[in-house]
Amino acid sequence: MLHTNKADKRRRQPLLMLICYSCFATLTIFYGLVERHSLFITFIGFHLVTCLIIPIFHAYWEGNLAIKWREAWGLHRHQERKLKGIWWGIISGVLLFILICLGFYILLWTGVSTEWMRNKLFSWGLTEETKWWFALYMTIGNSLFEEMLWRGFLLERLLYKMQLFKAALLSSFFYSLYHCIIGVTLFGIKAGLVATFLVFMTGVFWAWLRRRYQSIYPTWISHLFADWALMYTMLRNVL
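Heads up: the sequence shown runs through residues 1197 to 1435, numbered per the numbering used here.
Fair warning: there could be bad hints in the mix.
[Stated by the list, open to error] Estimated spans, in silico, between C-beta atoms of each pair: (1) Leu-1279 x Ile-1302: 28 to 38 Å; (2) Lys-1362 x Leu-1244: 21 to 31 Å; (3) Gln-1359 x Tyr-1428: 28 to 38 Å; (4) Gly-1307 x Ile-1252: 36 to 46 Å; (5) Ile-1377 x Cys-1297: 21 to 31 Å; (6) Trp-1257 x Thr-1306: 46 to 56 Å; (7) Trp-1257 x Trp-1312: 18 to 28 Å; (8) Arg-1232 x Gly-1337: 38 to 48 Å; (9) Trp-1257 x Leu-1223: 33 to 43 Å; (10) Tyr-1227 x Ile-1286: 20 to 30 Å; (11) Ser-1309 x Leu-1279: 39 to 49 Å; (12) Glu-1325 x Pro-1210: 45 to 55 Å; (13) Val-1230 x Asn-1433: 20 to 30 Å; (14) Ile-1252 x Leu-1355: 12 to 22 Å.
Hints are computed from structural coordinates only; laboratory data are not their basis.
Since the structure is predicted, the reported quantities are computational estimates derived from the model, not experimental observations.
Heads up, the beta-carbon is just placed ideally off N, CA and C, and yes, glycines get one too.
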């Protein structure tokens, strides 16, 4: 009973703490790409520290790491419900794949420079030898790490503070914030802001999907298709 009360008390952590975690994600992207011009440093700061280490240590501090891990993946849910969620992830992922491919070609049609994007990515440390590994990692690894952070960790704790709609908006705002840095840098201000808004709306949908099926399996699958589409179009037209 004492352990349970302690865990409940820790789950009532200040909202400011969760916001600080969210802001830290953007800071790692800014530091890695804008200040250090390094994909490697960005991956260490964002994926390893922000998306993996912080959620694990926070859940350990709460005293329920194993429980929260099972809840994030929906391991306690009925098989039929999980399968339905996975189908939602596949269907929405295919739709996102098509929309992102179309959107990228519209972006190129507007005159956005592929040479600029290529030079910027290579200035961050990408090479001809590593671009395929980069695409594979971004498709599988990035989608997994981001879902673990935003829908598996942050969203669930925001729901202790507010209703789903507000939690989805807030988590999606911070999720889209660092995408604004990447989008504006690669695509320019106008196209970058449009891309950021679309990321925000997709984040809201994923928040709903995560809550609806109580698992990050559906959102990870959907997110994987989205990142796959982006990497496919980049490899085909830019790299």
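Results for each hint:
1. At roughly 35 Å, the beta-carbon separation of Leu-1279 and Ile-1302 lies within the given 28 to 38 Å, and the hint holds.
2. For Lys-1362 and Leu-1244, the hinted distance range of 21 to 31 Å is satisfied, since their beta carbons lie about 30 Å from each other.
3. A hinted range of 28 to 38 Å holds for the C-beta pair Gln-1359 and Tyr-1428, which are about 37 Å apart.
4. The hinted window of 36 to 46 Å between Gly-1307 and Ile-1252 holds, with their beta carbons roughly 44 Å apart.
5. Restraint check, Ile-1377 to Cys-1297: a C-beta distance of roughly 23 Å satisfies the suggested window 21 to 31 Å.
6. A hinted range of 46 to 56 Å holds for the C-beta pair Trp-1257 and Thr-1306, which are about 47 Å apart.
7. A hinted range of 18 to 28 Å is violated for the C-beta pair Trp-1257 and Trp-1312, which are about 44 Å apart.
8. Judged by the Cβ atoms, the range 38 to 48 Å given for Arg-1232 and Gly-1337 is violated: they are separated by roughly 20 Å.
9. With their beta carbons about 21 Å apart, Trp-1257 and Leu-1223 fall outside the hinted range of 33 to 43 Å.
10. Between Tyr-1227 and Ile-1286 the C-beta distance comes to about 35 Å, which lies outside the given range of 20 to 30 Å.
11. A C-beta distance of roughly 44 Å is found between Ser-1309 and Leu-1279, which places it inside the suggested range of 39 to 49 Å.
12. Judged by the Cβ atoms, the range 45 to 55 Å given for Glu-1325 and Pro-1210 holds: they are separated by roughly 46 Å.
13. Restraint check, Val-1230 to Asn-1433: a C-beta distance of roughly 24 Å satisfies the suggested window 20 to 30 Å.
14. Hint check: Ile-1252 to Leu-1355, Cβ distance near 20 Å, so the stated range 12 to 22 Å holds.
Comparing the model with each earlier hint shows violations of hints 7, 8, 9 and 10; every other hint is respected.
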